[in-house]
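Enquirer: Each protein sequence line maps, in turn, to chains A and B. Mapping the first sequence onto the numbering used here, position 193 (from 1) lands on 193, and the numbers just tick up by one. Mapping the second sequence onto the numbering used here, position 10 (from 1) lands on 1010, and the numbers just tick up by one.
If you're looking for bench data, these hints aren't it; they were derived computationally from the structure. Mixed in with the good hints there might be a few duds.
Straight line, CA to CA, 30 angstroms or less: simulated DSSO-like cross-link-like pairs of lysine-lysine [claimed, not checked]:
hint : chain 1 : residue 1 : chain 2 : residue 2
1    : A       : K85       : B       : K1056
2    : A       : K182      : B       : K1283
3    : A       : K85       : B       : K1344
4    : B       : K1358     : B       : K1322
5    : B       : K1344     : B       : K1286
6    : B       : K1344     : B       : K1299
7    : A       : K182      : B       : K1354
8    : B       : K1286     : A       : K85
9    : B       : K1358     : A       : K182
10   : B       : K1283     : A       : K85
11   : A       : K182      : B       : K1322
12   : A       : K136      : B       : K1056
13   : B       : K1354     : B       : K1299
14   : B       : K1358     : B       : K1286
With the C-beta cut set under 7 angstroms, the calculated list includes, among others, these residues of chain B facing chain A [what the hints assert, rightly or not]:
hint : residue
15   : F1014
16   : T1020
17   : I1049
18   : R1055
19   : L1057
20   : L1063
21   : I1071
22   : G1320
23   : D1323
24   : D1329
Just the calculated beta-carbon pair ranges, DEER-fashion [claimed, not checked]:
hint : chain 1 : residue 1 : chain 2 : residue 2 : range
25   : A       : D108      : B       : K1354     : 23 to 31 angstroms
26   : B       : N1284     : A       : K85       : 38 to 46 angstroms
27   : B       : A1307     : A       : D42       : 32 to 40 angstroms
28   : A       : K85       : B       : K1286     : 38 to 46 angstroms
29   : A       : D82       : B       : R1266     : 44 to 52 angstroms
30   : A       : D33       : B       : D1005     : 47 to 55 angstroms
31   : B       : K1283     : A       : K85       : 31 to 39 angstroms
32   : A       : E34       : B       : T1292     : 51 to 59 angstroms
This structure is a prediction, so every number in the text was calculated from the model and none was measured. All C-beta atoms in this analysis are idealised placements derived from N, C-alpha and C, irrespective of residue type, glycine included.
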Amino acid sequence: MGTMSLELGMPGAYTGALMNSTEELVARVRSGDEEAFRLIFDRYSRPVLSFIFDMVGDRDRAEDLAQETFVRAFRALSGLRDETKLSTWLFSIAKNVARESLRARRRDAGNVEIDGEESFELHDHGRTPAGELLDKELSDVIQSALMRLDEDKRLVFTLKVLQQRSYEEIAEITGFSVGKLKTDLHRARAEMRRRIGPYVGGEQ
Amino acid sequence: MRCEDCMTLIEEYFDGEVDTRTSERMSAHLSACADCSAALDALSFEQEIYARYDRKLEVAPALWAAVSAEIAREPKASERAARRPFLSGLREAAAAAFAMLAPRTAFAPTLALLFVGVAAGALWLARNPQPATKTLVAENTSNATPGGSAVTPSEIPSTVATGAHEGDSVKSPTVPPVESIENASDKAPTGKGFPPSPEGARLERGGRALTPEELANLQLAHAKNDDTVVIAADEHSKLEALIVDDARQDAGVVLTNAQSLNTGEREVARHVEQAQMLLRSIKNAKPSDDDTINVAYEKKLSRKLLADNATLQLEAEVKGDKDTKQVLDQIEPFLLDIANMRDKPSREEVRSLKERVKKDEIIAALQVY
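Chain A with its partners taken away, still in its complex shape:
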């Protein structure tokens, strides 16, 4: 720990971030060391931001919501029981923040969407072999397809396929039963396959 403290605020501080265990970081934040929270932020901000972006589909809003996530996390850190599950806990907060935002947006827009589908249109890229489709275009296609999944399916698909979370972690983050998340994941994969397949020359 002493070594870590020396590294803080200096070049190489991120090395310290990697070497600190989450338990240590949480304990330090609880004892009033706000620099430790910076290390938590450094470690998890990218995946949390990506996750929220995948849920809401809007860059600026994702940044605002990531900010909200970390502020809530800071406030609620004393309530975290199992420090080893900091990451899962952060994603759980991010999930709530994202869903609240989606809900608020639907209300504001006065939309009526039975399954939460958004009206994103895929551009016609034609049927192109995956290797030839530009990464930018491919990313657009994936994002558009993602936003057309309903919220539950998008949630589990994002957590499993894009964030590589285990079923157990996904169940903890979402509160879904493993049975439900397996079903949603299977359907989400099938929908994504159906929507992306034509653009990457795969089956379907």
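For this one, chain A is given, so just place chain B on it according to the hints.
Expert: For chain B alone, coordinates are given in the frame of chain A:
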């Protein structure tokens, strides 16, 4: 293994979520079956595609600056501990108090004393049925706070536990220190960490009872000073006081009407019950002549419950109450779907929701909760 079985499990196998034995059986089958093997390759191909998904997202330095600025406005850790949400603070305090009680060798005699005290109290109450009897009993009454003056948390007795111990009180210059509490109920804390409602509990210090005015002053003073120091006692109802020793807080003593101990849980229970009723209503909804179903009322209720749900989710999250949070998370998507329905959706539109309600067995889950 048959292809049918293999295909059922192929995604779980690909995700690394099957047990070792199943994994070995599937590996053996896949090495011999071209069709199943092709399905696995397709999943790998898809994963490669998704790995190329580039969101072009960077964590801008401004993001940390914004988070940092926001949390800089938060109270420091020590202050946060004193200002943490009332229920979670109380819960931890109650747990700490009972933890302190547990190892004491004098616990049994203390319980015996408690019992005698409770019996005496009950007898006394029976003989003095007027409302004034449900008050705090304290000594040093000449030091009682004059009408309405504020009392700081530090002026409140700082070490009072649920149960009578010697040396539990700390003298206060302005408030009669409380020495002991006698609880009519001395049951162990409930599974969720709350002690049971101390029916007929009273505070005692061998002196005279606090007058209603003194009690009211205490309430007012605490209400003014710190939201974590709450005194709630209704003069027109039986005083049910619970005093908790929170060794980790300097704020001192927390007095509350015992009924408010479980306020949070009751709120959740009421909320879950309403959600259950709502889902039942949707499940049993019948189409009218034009083949639509009027769900205007359900929509309205669902919107209200959604707002409550978000609040309760946050509270559960803060408290680390995983079970409650899980239930609330389960409810949320249903509430969301109902809230976003048209006032008169078609039978088909409602059917998918009904099927989900049935499939997820959400009503049964809520009933169990």
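Enquirer: So, for every hint listed, does it hold in this structure?
Expert: Taking the hints in turn, this is what the structure says about them:
{"no.": "1", "hint": "A/K85 / B/K1056", "in the structure": "holds (28 angstroms)"}
{"no.": "2", "hint": "A/K182 / B/K1283", "in the structure": "holds (24 angstroms)"}
{"no.": "3", "hint": "A/K85 / B/K1344", "in the structure": "violated (44 angstroms)"}
{"no.": "4", "hint": "B/K1358 / B/K1322", "in the structure": "holds (24 angstroms)"}
{"no.": "5", "hint": "B/K1344 / B/K1286", "in the structure": "holds (11 angstroms)"}
{"no.": "6", "hint": "B/K1344 / B/K1299", "in the structure": "holds (10 angstroms)"}
{"no.": "7", "hint": "A/K182 / B/K1354", "in the structure": "holds (20 angstroms)"}
{"no.": "8", "hint": "B/K1286 / A/K85", "in the structure": "violated (45 angstroms)"}
{"no.": "9", "hint": "B/K1358 / A/K182", "in the structure": "holds (17 angstroms)"}
{"no.": "10", "hint": "B/K1283 / A/K85", "in the structure": "violated (37 angstroms)"}
{"no.": "11", "hint": "A/K182 / B/K1322", "in the structure": "holds (21 angstroms)"}
{"no.": "12", "hint": "A/K136 / B/K1056", "in the structure": "holds (9 angstroms)"}
{"no.": "13", "hint": "B/K1354 / B/K1299", "in the structure": "holds (15 angstroms)"}
{"no.": "14", "hint": "B/K1358 / B/K1286", "in the structure": "holds (16 angstroms)"}
{"no.": "15", "hint": "F1014", "in the structure": "violated (10 angstroms)"}
{"no.": "16", "hint": "T1020", "in the structure": "violated (16 angstroms)"}
{"no.": "17", "hint": "I1049", "in the structure": "holds (6 angstroms)"}
{"no.": "18", "hint": "R1055", "in the structure": "holds (6 angstroms)"}
{"no.": "19", "hint": "L1057", "in the structure": "holds (6 angstroms)"}
{"no.": "20", "hint": "L1063", "in the structure": "holds (6 angstroms)"}
{"no.": "21", "hint": "I1071", "in the structure": "holds (5 angstroms)"}
{"no.": "22", "hint": "G1320", "in the structure": "holds (4 angstroms)"}
{"no.": "23", "hint": "D1323", "in the structure": "violated (10 angstroms)"}
{"no.": "24", "hint": "D1329", "in the structure": "holds (3 angstroms)"}
{"no.": "25", "hint": "A/D108 / B/K1354: 23 to 31 angstroms", "in the structure": "holds (28 angstroms)"}
{"no.": "26", "hint": "B/N1284 / A/K85: 38 to 46 angstroms", "in the structure": "holds (39 angstroms)"}
{"no.": "27", "hint": "B/A1307 / A/D42: 32 to 40 angstroms", "in the structure": "holds (34 angstroms)"}
{"no.": "28", "hint": "A/K85 / B/K1286: 38 to 46 angstroms", "in the structure": "holds (45 angstroms)"}
{"no.": "29", "hint": "A/D82 / B/R1266: 44 to 52 angstroms", "in the structure": "violated (27 angstroms)"}
{"no.": "30", "hint": "A/D33 / B/D1005: 47 to 55 angstroms", "in the structure": "holds (53 angstroms)"}
{"no.": "31", "hint": "B/K1283 / A/K85: 31 to 39 angstroms", "in the structure": "holds (35 angstroms)"}
{"no.": "32", "hint": "A/E34 / B/T1292: 51 to 59 angstroms", "in the structure": "holds (56 angstroms)"}
This entry does not satisfy hints 3, 8, 10, 15, 16, 23, 29, going by the numbered hints stated previously.
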